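Novice: Keeping their order, the protein sequence lines are chains A and B. Heads up, the first sequence is in our numbering, so the first residue is 1 and it goes up one at a time. Heads up, the second sequence is in our numbering, so the first residue is 1 and it goes up one at a time.
Because the hints were derived from the structure by calculation, they are not lab data. Please read these numbers as outputs of a predicted model, since none were measured by experiment. One or more of the hints may lead you astray.
With a straight-line Cα cutoff of 25 angstroms, these simulated DMTMM-like cross-link-like pairs (lysine to aspartate or glutamate) come out [as the list claims (entries may be wrong)]:
1) B:Lys269 / A:Glu311
2) B:Lys188 / B:Glu159
3) B:Lys269 / A:Glu307
4) A:Lys269 / B:Glu101
5) B:Lys269 / A:Asp108
6) A:Lys269 / B:Glu307
7) B:Lys269 / A:Asp18
8) A:Lys269 / B:Glu311
9) B:Lys269 / A:Glu101
10) B:Lys269 / A:Glu116
11) A:Lys269 / B:Glu100
12) A:Lys269 / B:Glu116
Number of protein chains: 2
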Amino acid sequence: MEFVTIDDIRAAADRVRDAVVRTPLIPAGWADPDRPLWIKPENLQPIGAFKIRGAFNALGRLDEPVRARGVVSYSSGNHAQAVAYAAAAFGVPAHIVMPEETPSIKIDATRAYGAEVVICGPGQREKVADEVVAQTGGVLVPPFDHPDIIAGQGTIGLEIARDLPEVENVLVPVSGGGLASGIGTAIKALCPDARVYGVEPELAADTAEGMSLGHRVDWPVEDRNRTIADGLRSQPSELTFAHLEKVLDGMITVSEEQIRAAVRELAFKAHLVAEPSGATALAGYRLGSVPPGRTVVVLSGGNVNRELLLEILGSPA
Amino acid sequence: MEFVTIDDIRAAADRVRDAVVRTPLIPAGWADPDRPLWIKPENLQPIGAFKIRGAFNALGRLDEPVRARGVVSYSSGNHAQAVAYAAAAFGVPAHIVMPEETPSIKIDATRAYGAEVVICGPGQREKVADEVVAQTGGVLVPPFDHPDIIAGQGTIGLEIARDLPEVENVLVPVSGGGLASGIGTAIKALCPDARVYGVEPELAADTAEGMSLGHRVDWPVEDRNRTIADGLRSQPSELTFAHLEKVLDGMITVSEEQIRAAVRELAFKAHLVAEPSGATALAGYRLGSVPPGRTVVVLSGGNVNRELLLEILGSPA
Chain A
1 MEFVTIDDIR
11 AAADRVRDAV
21 VRTPLIPAGW
31 ADPDRPLWIK
41 PENLQPIGAF
51 KIRGAFNALG
61 RLDEPVRARG
71 VVSYSSGNHA
81 QAVAYAAAAF
91 GVPAHIVMPE
101 ETPSIKIDAT
111 RAYGAEVVIC
121 GPGQREKVAD
131 EVVAQTGGVL
141 VPPFDHPDII
151 AGQGTIGLEI
161 ARDLPEVENV
171 LVPVSGGGLA
181 SGIGTAIKAL
191 CPDARVYGVE
201 PELAADTAEG
211 MSLGHRVDWP
221 VEDRNRTIAD
231 GLRSQPSELT
241 FAHLEKVLDG
251 MITVSEEQIR
261 AAVRELAFKA
271 HLVAEPSGAT
281 ALAGYRLGSV
291 PPGRTVVVLS
301 GGNVNRELLL
311 EILGSPA
Chain B
1 MEFVTIDDIR
11 AAADRVRDAV
21 VRTPLIPAGW
31 ADPDRPLWIK
41 PENLQPIGAF
51 KIRGAFNALG
61 RLDEPVRARG
71 VVSYSSGNHA
81 QAVAYAAAAF
91 GVPAHIVMPE
101 ETPSIKIDAT
111 RAYGAEVVIC
121 GPGQREKVAD
131 EVVAQTGGVL
141 VPPFDHPDII
151 AGQGTIGLEI
161 ARDLPEVENV
171 LVPVSGGGLA
181 SGIGTAIKAL
191 CPDARVYGVE
201 PELAADTAEG
211 MSLGHRVDWP
221 VEDRNRTIAD
231 GLRSQPSELT
241 FAHLEKVLDG
251 MITVSEEQIR
261 AAVRELAFKA
271 HLVAEPSGAT
281 ALAGYRLGSV
291 PPGRTVVVLS
301 GGNVNRELLL
311 EILGSPA
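In isolation and in its complexed conformation, chain A is listed as follows (with noise of 0.2 angstroms):
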């Protein structure tokens, strides 16, 4: 298997750079003493996602006359938008498939940056993707399973090494896993005394799991669908779990509430709106089982229904 490498990564920054938000990392004076707590807020990305590095980093790499011919997709929501937006930028046409359960408000703003949406059933959308692919002619860039994606979704490991280059912890929301595998190899290449943690929750926590077992597992779809963190309902390929199991020290798992109380400590503390995936490392830091130390929290995304963000945020804390 190839992994991929910090050079992959540090090419992957300068080709994203121009269509990325620098983020900063957001200090949480607030949080437990021992752990002092900083946030990368994806959420303040173009697209509202992390996703959106991966995605112009797999657009940059293609060549003008393939990329031409379009980009097929295949995503529960901000993967959609990001590759979206992307071919947008590029002048291409995109067309993204979508699972029925996707929150509308990500369907309609893949819509609204201009792609063609493809709706199917559960667990469906490899397999539809794939035909749209053969009926297009177009590329298929895939939300986590290639290295592209995976070292564009890095550039974050490297601006938190530079950014706090004695960071201790670093805990990374896990889907798919292209965001851990990139945040893994740039932060053990540039921190190695640094350790990098997985987040699940506890209703999707296929990862969890199998690297307890030492191989990749499979939950149903219908099983991993139950948890309130929409973007957290994928489950690794065997070249992001070989990824994870190199470069993560550990997997955490957390429960629904636990997750609803991090998007409201989020909202009125750091003043920042988390879709439930995007508050799922904070949830993690809250069960206070990482070694003490200067800990981040990546906030991956802030895609998140009107109706579902009042609900969490008027419940009691």
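Since the structure of chain A is provided, determine the placement of chain B on it from the hints.
Specialist: For chain B alone, kept in the frame of chain A given last:
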């Protein structure tokens, strides 16, 4: 009258660099295409507002034996937290005079930073602060009526000019006028073709009236207290009014409902929690009256009571 200079602001930037977050400009892709929009999210500062810049600059400028006697300030909220936070960082005591109508979130936060809070009646804050200075021997750090405060807030303008040198419009909320004085001074020095506008609630539009008359005017504090934007209920001093006359291209006034709509836009589109005062510049942008061109709005703070935030976010768009 001595005006703050760009060199004062550059010196302030060196002084506050390690204490403040280097906030990025967040592109608002959903905005009016004729007026491409960026948000300067000062709600992400450690105390949730830009006021930390002026406070650190003012305390940093004091001679150490003077600073050791402690500091005294008065504020409707965010400056209180800023002085309390800066005093704690410098290890000196702080007394903060706060009017009784201040939101409890701001009083609690000020106490949490270790400051002693003195509650006063409407319009009494300067007088009570003078009494505390007489009692304690501390140094008064006013919320806006001081060159060091203006220079500290002006560091935001330096950053805007660095990140978007081709900026054409900058919109800044106006209360006591320290923020707009500082940002306007920096922008006019570095981007002389850019226009700088102050934005006020209609219910506290003393500066708009004063600018049109050519001299500052006093509005009764009961009138100014009607606006939901509790951070915009002060009015300029002679010092800040003179700066505003020099650096502003105009004043814009907005309704209470326009401010509320801007709070909703920031939460649901930009993933940022703003207090009403913090959303006021965006409300001014939404009027569509500034000339076409690349526009920056300053989101000045995010300290809003949970109940009020839920009420605003839950109202129909």
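Novice: For this structure, which hints from the list above don't hold up?
Specialist: Violated: none.
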